[in-house]
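J.: Each chain, written out:
There are 4 protein chains.
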Amino acid sequence: MENAHIVTHEEVMFFDTDCGGVVHNLAYLRMVETCRTKLGTAMGFDVREMGETMRFPVVLRTEADYKQPAKLADELEIHGRLEEWGKVRFWCAFEVRRREDQALLLKCRQQLALVQMPEGKVLRLGDQPLLPS
Amino acid sequence: MENAHIVTHEEVMFFDTDCGGVVHNLAYLRMVETCRTKLGTAMGFDVREMGETMRFPVVLRTEADYKQPAKLADELEIHGRLEEWGKVRFWCAFEVRRREDQALLLKCRQQLALVQMPEGKVLRLGDQPLLPS
Amino acid sequence: MENAHIVTHEEVMFFDTDCGGVVHNLAYLRMVETCRTKLGTAMGFDVREMGETMRFPVVLRTEADYKQPAKLADELEIHGRLEEWGKVRFWCAFEVRRREDQALLLKCRQQLALVQMPEGKVLRLGDQPLLPS
Amino acid sequence: MENAHIVTHEEVMFFDTDCGGVVHNLAYLRMVETCRTKLGTAMGFDVREMGETMRFPVVLRTEADYKQPAKLADELEIHGRLEEWGKVRFWCAFEVRRREDQALLLKCRQQLALVQMPEGKVLRLGDQPLLPS
Chain A
2 MENAHIVTHE EVMFFDTDCG GVVHNLAYLR MVETCRTKLG TAMGFDVREM GETMRFPVVL
62 RTEADYKQPA KLADELEIHG RLEEWGKVRF WCAFEVRRRE DQALLLKCRQ QLALVQMPEG
122 KVLRLGDQPL LPS
Chain B
2 MENAHIVTHE EVMFFDTDCG GVVHNLAYLR MVETCRTKLG TAMGFDVREM GETMRFPVVL
62 RTEADYKQPA KLADELEIHG RLEEWGKVRF WCAFEVRRRE DQALLLKCRQ QLALVQMPEG
122 KVLRLGDQPL LPS
Chain C
2 MENAHIVTHE EVMFFDTDCG GVVHNLAYLR MVETCRTKLG TAMGFDVREM GETMRFPVVL
62 RTEADYKQPA KLADELEIHG RLEEWGKVRF WCAFEVRRRE DQALLLKCRQ QLALVQMPEG
122 KVLRLGDQPL LPS
Chain D
2 MENAHIVTHE EVMFFDTDCG GVVHNLAYLR MVETCRTKLG TAMGFDVREM GETMRFPVVL
62 RTEADYKQPA KLADELEIHG RLEEWGKVRF WCAFEVRRRE DQALLLKCRQ QLALVQMPEG
122 KVLRLGDQPL LPS
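Protein chains in written order, with my numbering: chain A, 2 to 134; chain B, 2 to 134; chain C, 2 to 134; chain D, 2 to 134.
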């Protein structure tokens, strides 16, 4: 379980870039969001169910290191994996790489908890799988 | 009521532009969203209440004509007004202008209805004010 | 050429939805952007080249009719095709459908021109293919 | 100079929220972008000039701690200040607070450099003001 790993693919669109000619820092984080959602699915989180039970993974902390810029039409790979799994919090780690040469563009870590909305109550994580006990 | 009119202000940010050096077509529509929400408030829609009653104005149709491009750091005015008020549908009209020379950058019209979520039921509009009868 | 047709796929992410519980009207248009870029590629536009020659397709008009809402985790198909090809302007047409039941969620048409940036000069379209003559 | 401080204001819009009923984590970072741009202006960066000289402040690292969620129609204050000023890198720090009760919603730090595009060359920072020497 702790080795859950996933790769998502994105092609840089006009709306990802800014007038500096490269991808805007926020656009990479949107790509990370998509990767994390699919990583969650791979770990057993049912996204559709979340919309009904109102139990959502919530980001507590984001750390992002921007290494190199991507450009329009670049094909990107977003690698996501579960890094650490605690009693109420877990960490995911991401790398964005340019597909062509595997250049590392972004490293990112996010700490999350599972929260019952709308109360905002933090739920205990189970041992295995990633569902509240 | 039919004359409700509002002006919101935006400064073009990096994330509004793309690598063509001008504002991306989607960014203007986000500015229109903000203007329309504030127009709604001026017309008596209480946005905070919407989040609780789950009665939302829903866009049925958008028409947008892009006239001239805006650039990084341009100061923009978004003019919004109620154009037409029917039994279940209403139209709002918007113009985005560059503040400096009042150049018209975008003309936009949107048709909306008031919908009860999560059922998606379209509500009848009252005569005056803009609340369901 | 006039029959160029493409289908792109999107899964509804949290960032596509709003507190009304359904996909925000702007999110569909971002999906249309992606579809149109890939339609352009299929028609012979080289996006990477655009970033270098600064010749970009520019949206002149958008018409969007919102038919039914999509929800978190819905799998969507965006169908795009070239609808009309003129001397300096062309129209593309899009439909967003829910994959599961092919329900029509959005119909959209966009009129575009090919523009030389940063001058903003509108270029004549060639007969075939879609490159300036 | 090191005490440059600015406050920007945002009202939570529908597009800032997601189906969890609260503001999406990316939306706060867009608000931070706007605050940082205006902080830059207060420190002497001329944004319009950047678009011409192609010298841009580039985010190298983002750290964001999400403390409490904001909801639709909340009025937010984004406090930004210059935290550290080095030879080639500088740090900015931000807090997002709910205006009504000053509740702290987000703490964020960003490390930046000044970069000459399109080469991507990192420029030396001057002593005072924040322009390359």
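Just so you know, these hints were derived from the structure itself, not from any lab. All C-beta atoms, glycine included, are put in the ideal place defined by N, C-alpha and C. Check each hint, because a few of them may be wrong.
Keeping only pairs whose Cα atoms sit at most 30 Å apart, straight-line, the calculated DSSO-like set for lysine-lysine is [claimed, not checked]: (1) D:Lys68 - A:Lys108; (2) C:Lys122 - B:Lys122; (3) C:Lys72 - B:Lys72.
Going by beta-carbon spacing under 10 Å, a handful of chain B positions derived as facing chain C [claimed, not checked]: (4) Phe16; (5) Asn26; (6) Leu27; (7) Arg31; (8) Leu61; (9) Ala74; (10) Glu76; (11) Met118.
J.: Each hint needs a verdict: does it hold in this structure or not?
T.: Cross-check of the supplied hints:
no., hint, in the structure
1, D:Lys68 - A:Lys108, "holds (23 Å)"
2, C:Lys122 - B:Lys122, "violated (47 Å)"
3, C:Lys72 - B:Lys72, "violated (34 Å)"
4, Phe16, "violated (13 Å)"
5, Asn26, "holds (4 Å)"
6, Leu27, "holds (6 Å)"
7, Arg31, "holds (6 Å)"
8, Leu61, "holds (6 Å)"
9, Ala74, "violated (15 Å)"
10, Glu76, "violated (20 Å)"
11, Met118, "holds (5 Å)"
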